[in-house]
Amino acid sequence: MVQLTINNIKVNAEKGMTILEAAKSVGINIPTLCHLKDLLPSGACRICSVEVEGYRGLTPSCAFPVSDGMVVETNSARVRRARKTIVELLIENHPQDCLVCVRNKNCELQNLSETYSVREHRFVGEKKDHAIDISSSSMERDPAKCVLCGRCVRICHEVQKIGAIDFTKRGFYSTVTTPFNKGLNVSDCILCGQCILVCPTAALREKSSLKEVVSALNDKNKFTVVQVAPAVRATLGEEYNLPLGTDVTGQIVMGLRRLGFKKVFDTNFAADLTIIEEATELIDRVSNNGKLPMFTSCCPGWVKYIEQNRPQLLEHVSSCKSPHEMEGAVLKTYYAKKMGLNPKDIFVVSIMPCTVKKFESNRAELAEENLHDVDAVLTTRELVRFFKIAGIEFGDLPEDKFDNPLGESTGAAAIFGTSGGVMEAALRTAYYKLTGSNLESLDFEAVRGSNGLKEATVKAGETELNIAVVNGIGNAKKVLDEIEKGSSKYHFIEVMTCPGGCINGGGQPIHQKPEKIMKRMRALYHIDANMKKRNSHENESVKVLYKEFLVEPNSPTAHKILHTHYLDRKKILDN
Amino acid sequence: MHTYIFDNYEAKDRSALIPLLQDIQGIYNYLPETALKDISEFVDIPLSRVYGVATFYNQFRLKPLGENVIKVCRGTACHVKSSANILFAIEHELNIKAGETTRDKKFTLEIVNCIGACSIAPVITINEDYYGRIAAKDIPKIIKNFTRKSVKQETVPAKEGSLK
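So the sequence lines, in the order shown, correspond to chains A and B. For the first sequence, this note's numbering begins at 6 and goes up steadily by one. For the second sequence, this note's numbering begins at 4 and goes up steadily by one.
Read the hints as simulated data drawn from the structure, not as lab findings. A few of these clues could be false.
Dumping the calculated DSS-like pairs for lysine-lysine here, alpha-carbon to alpha-carbon at most 27 Å [what the hints assert, rightly or not]: (1) B:Lys109 <-> A:Lys393; (2) A:Lys166 <-> B:Lys15; (3) A:Lys89 <-> A:Lys133; (4) A:Lys225 <-> A:Lys133; (5) B:Lys144 <-> A:Lys576; (6) B:Lys15 <-> A:Lys482; (7) B:Lys109 <-> A:Lys174; (8) B:Lys144 <-> A:Lys575; (9) A:Lys483 <-> B:Lys15; (10) B:Lys40 <-> A:Lys490; (11) B:Lys66 <-> B:Lys108; (12) A:Lys349 <-> A:Lys212; (13) B:Lys100 <-> A:Lys132; (14) B:Lys66 <-> A:Lys575; (15) B:Lys108 <-> B:Lys144; (16) B:Lys100 <-> A:Lys187; (17) A:Lys576 <-> B:Lys40; (18) A:Lys406 <-> A:Lys267; (19) B:Lys40 <-> A:Lys187; (20) A:Lys174 <-> B:Lys100; (21) A:Lys268 <-> A:Lys349; (22) A:Lys482 <-> B:Lys40; (23) A:Lys166 <-> B:Lys40; (24) B:Lys144 <-> A:Lys406; (25) B:Lys40 <-> A:Lys575; (26) B:Lys144 <-> A:Lys174; (27) A:Lys406 <-> A:Lys524; (28) A:Lys132 <-> B:Lys66; (29) A:Lys133 <-> B:Lys100; (30) A:Lys187 <-> B:Lys144; (31) B:Lys15 <-> A:Lys490; (32) A:Lys174 <-> A:Lys132.
To list a few chain B residues with every Cβ distance to chain A over 12 Å, as calculated [as the list claims (entries may be wrong)]: (33) Gly29; (34) Leu39; (35) Ser43; (36) Phe45; (37) Tyr54; (38) Val56; (39) Phe59; (40) Glu70.
Note that the coordinates shown come from a computational prediction; the quantities given were computed from them, not determined experimentally. Note that beta-carbon positions come from the ideal geometry of N, C-alpha and C, so glycine has one too.
Take the sequences, apply the hints, and build the full model.
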């Protein structure tokens with residue numbers, strides 16, 4: 006314990022704490038910009054400068070450890086003037102087009118400008134001028150809006166361990182960009198969007214598909230339907246100031262209906278379907294000496310990662326399409342036939358917590374005769390914008406239920422949106438398939454939580470399954486290296502690109518509240534626990550689908566409709 | 004082609020990055036894209052960071068040099084002796100900006116901060132030769148000398164006062 010004085014308040018702080026943390030513990034707010042919780046401080050932006058007695062210059066509080074007897078002033082005139090100048094300099098090298106900016110009212114630069122009452126342009130000078138990178142199908146990069154805080158670079162290098170973008174050049178010409186300033190589409194980027202979540206401005210943002218969706222809704226010849234991913238219902242409320250982890254499923258369904266979608270389906274239905282297919286594939290691989298360990302394939306970021314970095318291991322990835330693609334495929338085959346619709350007239354929109362899903366829906370492998378399984382993907386944030394334009398007051402919406410038959414789901418599907426969820430759901434069904442009875446306790450505590458690598462061993466009858474759950478693509482390297490060496494003991498591995506899983510996906514509401522992952526996770530487990538049916542194989546609509554159309558899991562029809570193949574993208578990128 | 008340089012370094016040694024970049028530039032006179040990719044794999048540093056380092060330091064070039072390298076001294080003594088005019092005259096003559104290479108790859112124009120030849124300011128160097136106490140009006144003549152030299156090998160003779 007050390008004792009220091011901050012703004013004449015006596016503070017007891019732990020050794021090793023930074024001034025920033027110590028100040029926060031007694032309710033003193035110090036603004037930050039480049040600071041990222043849980044990562045090493047970079048001290049680049051200097052907005053958190055404070056005065057420390059005995060030191061000549063100002064000190065960055067995010068990178069300075071407390072010591073005994075330290076006297077700190079966080080709010081002196083000198084500190085305020087320095088901070089204001091920093092903000093003014095940042096603003097003057099910024100387009101200042103807030104009125105037409107996607108991050109208007111949710112921008113840290115705007116907040117700082119407001120906090121420090123910047124009311125005039127004291128500095129006028131040359132502005133940086135960069136083209137907007139619209140090369141990828143998921144994300145846009147607008148370096149003119151970048152304030153060079155480096156948060157995206159650190160998330161990409163230190164957390165995701167991809168390193169697609171970095172600082173280049175220096176001084177005034179410094180930019181965060183890809184190698185050789187090429188488009189994101191030909192870089193190492195997997196489009197996970199974690200950089201969007203930490204970007205304080207709109208320098209990184211998703212590529213909006215709102216126009217396509219609106220024009221499909223206005224087209225009278227189109228049968229426009231929508232599906233909602235599990236993770237969206239646990240986060241969308243945050244955009245309406247509801248507490249973290251509020252389940253707003255009913256309101257989303259009603260809101261989507263009011264937007265004019267003919268039918269509102271649940272991606273959870275397809276999640277149950279995925280589990281049946283994936284569990285069957287796993288059992289087949291285990292009992293017939295197939296390639297093991299098997300990886301889940303629900304996460305398109307993960308699939309893109311392994312395609313780009315370890316194409317030699319692609320055989321380990323399950324051939325199942327991801328749930329929303331399965332839902333789209335079933336809609337354009339089984340459902341179209343059942344309802345007497347032309348598959349070409351069906352326009353499937355997915356509401357996803359994810360930016361890579363946009364890229365995924367454009368993949369040629371996920372289309373039948375140029376007819377894509379999913380036609381457009383909207384992120385959680387885009388849906389909120391759509392609600393706003395359409396005059397839908399979310400708080401006052403009555404609840405509604407999903408349409409059937411592609412709206413029924415079990416608890417196992419709900420937890421797809423969190424790290425460990427796919428594994429847990431698959432184990433419940435695999436156990437049933439191997440032993441003929443359901444697990445006694447359906448809760449797998451070992452695969453829950455936000456640890457980067459979780460492992461467990463499950464005994465199902467005579468079969469013993471070693472499983473691993475990876476979240477945050479940066480944690481996948483160890484598991485992949487083991488497989489390459491041939492020393493992997495696992496049978497089944499779930500990988501989700503984003504730390505915490507889809508609930509922390511790149512398309513989710515943007516804010517830096519630290520407890521967001523745990524609270525959103527809890528919301529999904531809560532939905533699961535309150536469901537009458539918690540096993541994917543108990544989903545009645547899925548059973549009917551097999552009876553009427555797919556025959557049985559992994560049947561030739563199921564393979565044609567629900568499975569896919571992958572590409573060696575390393576080869577493509579190298580050329 | 005350049006892979007032999009890796010023999011002198013230990014794989015995955017991050018500190019080898021800058022020496023490796025220098026070696027590559029020693030071979031090619033600039034840093035080709037493929038070489039940066041090879042370095043990135045060898046030292047196990049993402050390509051974006053390798054590229055970041057290569058663009059951070061002035062000593063590294065990502066484009067090949069022209070046949071003749073013109074360096075204009077912009078140090079204090081030369082500045083006082085109007086080296087800004089000299090630079091402008093060269094830029095005008097070659098139709099490029101400092102740091103660029105002409106389209107025909109004949110000339111690269113660079114700025115240096117002090118050559119250490121202040122006594123003959125303003126001074127420029129072309130390849131190994133020093134040109135001191137020059138004025139802007141001398142520039143076309145000096146440059147023409149070099150165009151004629153290199154044009155000799157080609158069939159098209161350069162016209163008076165034109166480089167293109």
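Right, here's what the structure says about each hint:
With a CA separation close to 59 Å, the supplied pair B:Lys109 and A:Lys393 exceeds the 27 Å bound. This hinted pair checks out: A:Lys166 and B:Lys15 have alpha carbons roughly 16 Å apart, not beyond 27 Å. Between A:Lys89 and A:Lys133, the direct Cα distance comes to roughly 21 Å. Compliance with the 27 Å bound is thereby established for this hinted pair. Annotation: proposed proximity of A:Lys225 to A:Lys133 is violated, straight-line Cα distance about 45 Å (limit 27 Å).
For the hint linking B:Lys144 to A:Lys576, the alpha-carbon distance of about 51 Å lies beyond 27 Å, and the restraint is violated. At roughly 16 Å between alpha-carbon atoms, B:Lys15 and A:Lys482 fall within 27 Å of each other, so this suggested pair holds. Under the criterion of a C-alpha separation no larger than 27 Å, the hint pairing B:Lys109 with A:Lys174 is consistent with the structure, at around 26 Å. A threshold of 27 Å between alpha carbons decides the hint, and for B:Lys144 with A:Lys575 the separation of about 52 Å lies outside it, so the pair is violated.
As the CA atoms of A:Lys483 and B:Lys15 are separated by approximately 16 Å, the hinted pair is consistent with the 27 Å bound. For the hint linking B:Lys40 to A:Lys490, the alpha-carbon distance of about 24 Å falls within 27 Å, and the restraint holds. For the hint pairing B:Lys66 with B:Lys108, the CA-to-CA distance comes to about 11 Å; that is within 27 Å, so the pair holds. For the suggested pair A:Lys349 and A:Lys212, the alpha carbons sit about 25 Å apart, so the restraint of at most 27 Å is met.
Of the supplied pair hints, the one linking B:Lys100 and A:Lys132 holds, its CA atoms being roughly 20 Å apart against a limit of 27 Å. This hinted pair checks out: B:Lys66 and A:Lys575 have alpha carbons roughly 25 Å apart, not beyond 27 Å. Distance hint between B:Lys108 and B:Lys144 is fulfilled; the C-alpha atoms sit about 19 Å from each other, no more than 27 Å. Restraint check: the Cα-Cα separation between B:Lys100 and A:Lys187 comes to about 23 Å, which is no more than 27 Å; the hinted pair holds.
Restraint check for A:Lys576 and B:Lys40: the C-alpha separation of about 14 Å stays at or below 27 Å, so the hint holds. At roughly 14 Å between alpha-carbon atoms, A:Lys406 and A:Lys267 fall within 27 Å of each other, so this suggested pair holds. In summary, the hint linking B:Lys40 to A:Lys187 is supported, as the alpha carbons are separated by about 14 Å, within the 27 Å threshold. For the hint linking A:Lys174 to B:Lys100, the alpha-carbon distance of about 18 Å falls within 27 Å, and the restraint holds.
As the CA atoms of A:Lys268 and A:Lys349 are separated by approximately 16 Å, the hinted pair is consistent with the 27 Å bound. Restraint check for A:Lys482 and B:Lys40: the C-alpha separation of about 20 Å stays at or below 27 Å, so the hint holds. For the hint linking A:Lys166 to B:Lys40, the alpha-carbon distance of about 17 Å falls within 27 Å, and the restraint holds. The hinted pair formed by B:Lys144 and A:Lys406 fails the criterion: a straight-line CA distance of about 84 Å is larger than 27 Å.
Among the hinted pairs, B:Lys40 with A:Lys575 is consistent with the structure: their alpha-carbon atoms are about 13 Å apart, no more than 27 Å. Between B:Lys144 and A:Lys174 the alpha-carbon distance is near 35 Å, which puts this suggested pair outside the 27 Å criterion. At most 27 Å may separate the alpha-carbon atoms for a hinted pair to count; A:Lys406 and A:Lys524 meet this at roughly 24 Å. This hinted pair checks out: A:Lys132 and B:Lys66 have alpha carbons roughly 26 Å apart, not beyond 27 Å.
For the hint linking A:Lys133 to B:Lys100, the alpha-carbon distance of about 18 Å falls within 27 Å, and the restraint holds. With a CA separation close to 40 Å, the supplied pair A:Lys187 and B:Lys144 exceeds the 27 Å bound. Taking the CA atoms of B:Lys15 and A:Lys490, the gap is about 18 Å. The hint holds against a cut of 27 Å. Distance check on the hinted pair: A:Lys174 and A:Lys132 sit about 16 Å apart at the alpha-carbon level, within 27 Å; holds.
A cut-off of 12 Å between C-beta atoms confirms that B:Gly29 is not in contact with chain A; the least separation is 21 Å. A Cβ of chain A approaches the Cβ of B:Leu39 within 12 Å, the least distance being about 7 Å, so the stated non-interface status is violated. Residue placement check: B:Ser43 does not keep its beta carbon more than 12 Å from all beta carbons of chain A (closest about 8 Å). With a minimum CB-CB distance of about 15 Å to chain A, B:Phe45 clears the 12 Å threshold, and the non-interface call stands.
Remark: the non-interface label on B:Tyr54 conflicts with the geometry, its nearest Cβ contact in chain A lying 4 Å away (cut-off 12 Å). A Cβ of chain A approaches the Cβ of B:Val56 within 12 Å, the least distance being about 9 Å, so the stated non-interface status is violated. Once the 12 Å rule is applied to beta carbons, B:Phe59 is inconsistent with being away from chain A; the minimum gap is 5 Å. Every CB of chain A lies more than 12 Å from the CB of B:Glu70, the least distance being 24 Å, so the non-interface label holds.
The earlier numbered hints that this structure contradicts are 1, 4, 5, 8, 24, 26, 30, 34, 35, 37, 38 and 39.
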